[in-house]
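Participant: Position chain Z relative to chain A; hints supplied.
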Amino acid sequence: MREVAVIGIGQTPIREEWEKSLRLLAGEAVLASLADAGMQRADGIFVGNMIGGSANNQQHLGAYIADWVGLRYSEAVHLETACSSGAAAFRAALIAVASGELDSAIAVGVEKMTDSPGSEITTALATAADANWETDQGLSFVVLNALLMKRYMHEHGWTHEDFAPFSINAHANGVHNPNARFRKAITLEAYTKAALIADPINLMDASPMGDGAAAALLVPADSVPHDARYPVIRVAASAAATDALAVHDRKDPLWLTAAEKSAQQAYQQATLTPKDIDLFELHDAFSIMATLSLEATGFAERGQGPRLALDGEIRPSGRIPIATRGGLKARGHPIGATGMYQIVEVIQQLRGDCGQTQVENARVGMAQNIGGSGSNIITHIFKAG
Amino acid sequence: MENPRHWRLKKQRYGLVGEECPHCHEKLFPPRDVCPHCGGEAKEEFTFSGQGEVYSFTTMYSAPAGYEEYAPYTVALVKLEEGPVLTAQLTDLGDDEEVEIGMPVEMVTRRLRSDGDDSGILIYGYKFRPVMK
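Quick mapping for you: the protein sequence lines, in order, are chains A and Z.
Residue 323 in our numbering sits at position 323 of the first sequence, and the numbers go up by one each step.
Residue 1086 in our numbering sits at position 86 of the second sequence, and the numbers go up by one each step.
One chain only, chain A, in its complex shape (with noise of 0.2 Å):
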């Protein structure tokens, strides 16, 4: 396998693009990929997306959306792996590559979801859930991560408050951040005080959805010129699990598994671990993901997420930044698409064009992205020069 580098990313504002169509959105994003690198087309493109189908009436997305970016005749595959679709786009794109088979490949994650009232959005996301054993029974994601936070805060003997760093830090680095959803900084007070969505989880602990894609232009490391304008950006490791569909059917549920496999192959591809991290992009659907993300990760002993938190560690000053552009909760979580935004965001920051969030000397970034609620979990780390 050959080393392989990301020399152009592009991404769109997430909110809701009345006047544009998933198409759209996800050429907006290719074309400024192809644009920051210079380049006019790539060998292939592939499209990370879950629910364009039921939100949009639209499947087959490969061919879809290379015919709307001129890769009409490419090669073009659409991956949906529900909530991880944009990093399944990277992985593939990546192995693409990697393997020689092509000579650039195009990841983009895309999601349009005002196209079809809420009701009909939340119906077509509990679909990651397990229809038999879970959804029948009336359940909604919101309620698998309740069931989730509930048991975590019994167990651990953590209160609802303490959850709330995650979202004031998220929010704080969302202010910076010019394509993210909620660029408005929030108190202890306001995460306190918000409207309960389902024992504990209350409306500042959920990210919000809108409409966005988000790309990356990938090709051989030995390929980069020498003269670019930023540090090659490598990709180190890249690594996916699976676990039981089911929260029920896991061996601990308050354990996600699939995040410590792929995180555990990632650092050992790329010979490190988290102490060499310097940033870490993680899945912050709901605040008590993004705990149970960092002590699957290695960043946190079990049951101490929360604390990271509390201490200030998870800021851009910190031990170890989270959510550094915002996050899945202030940037906003277009499923198929968040993916792709953790990796645009992680490049951004290795180089340098973080303005106020900048990670000082930011060398080696983390993302990992969670599908459902943790069965299929996707990892990536990038080094800078």
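Mixed in with the good hints, there may be bad ones.
Which bits of chain A does chain Z cover? Going by a derived footprint, with three or more residues having C-beta under 8 Å, they are [stated by the list, open to error]: (1) 115 to 126; (2) 247 to 258.
Not the full set, but computed from the structure, chain A residues with beta-carbon under 10 Å of chain Z [unchecked claim]: (3) Asn-132; (4) Glu-134; (5) Ala-146; (6) Leu-148.
Everything labelled a hint here was simulated from the structure, so no lab data went into it.
Each residue gets a CB set at the ideal place from its N, CA and C atoms; glycine is no exception.
Facilitator: Frame of chain A, contents of chain Z only:
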């Protein structure tokens, strides 16, 4: 509404029929072809007692499409006495009934949802209620 899918689940939904792995003897619900504990073939039926305890719970105020008429309702992860955990609604909760983690519950059969119009099918299945004192 996928009628055949619901019809196929009747033994599990009405009777909590799962399996016991003939190799490692773990109890499995719902039934599977491959035991997730030992990797062996799982094919022996086992009927669960329906007794268990609340592992976690929450109340749902904003229900997904098709469940609006039941909101608000309480959903739980229930740990069956034979080992497996399943997801189910709690029912028959009195007005002053405080749900707690660890609370003993038992399986009952209740309507899960109805399919909209008058000619739609009614889906029944398991819910759990506090054990009668």
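Participant: Please go over all the hints and tell whether each is borne out by the structure.
Facilitator: Hint by hint, here is what the structure shows:
1. 115 to 126: It holds: at least three residues are needed, and the stretch 115 to 126 of chain A offers 5 whose Cβ sits within less than 8 Å of chain Z.
2. 247 to 258: holds (count 4)
3. Asn-132: 6 Å, holds
4. Glu-134: Status holds, d = 5 Å.
5. Ala-146: 4 Å, holds
6. Leu-148: 7 Å, holds
In this structure, none of the earlier numbered hints is contradicted; all agree with it.
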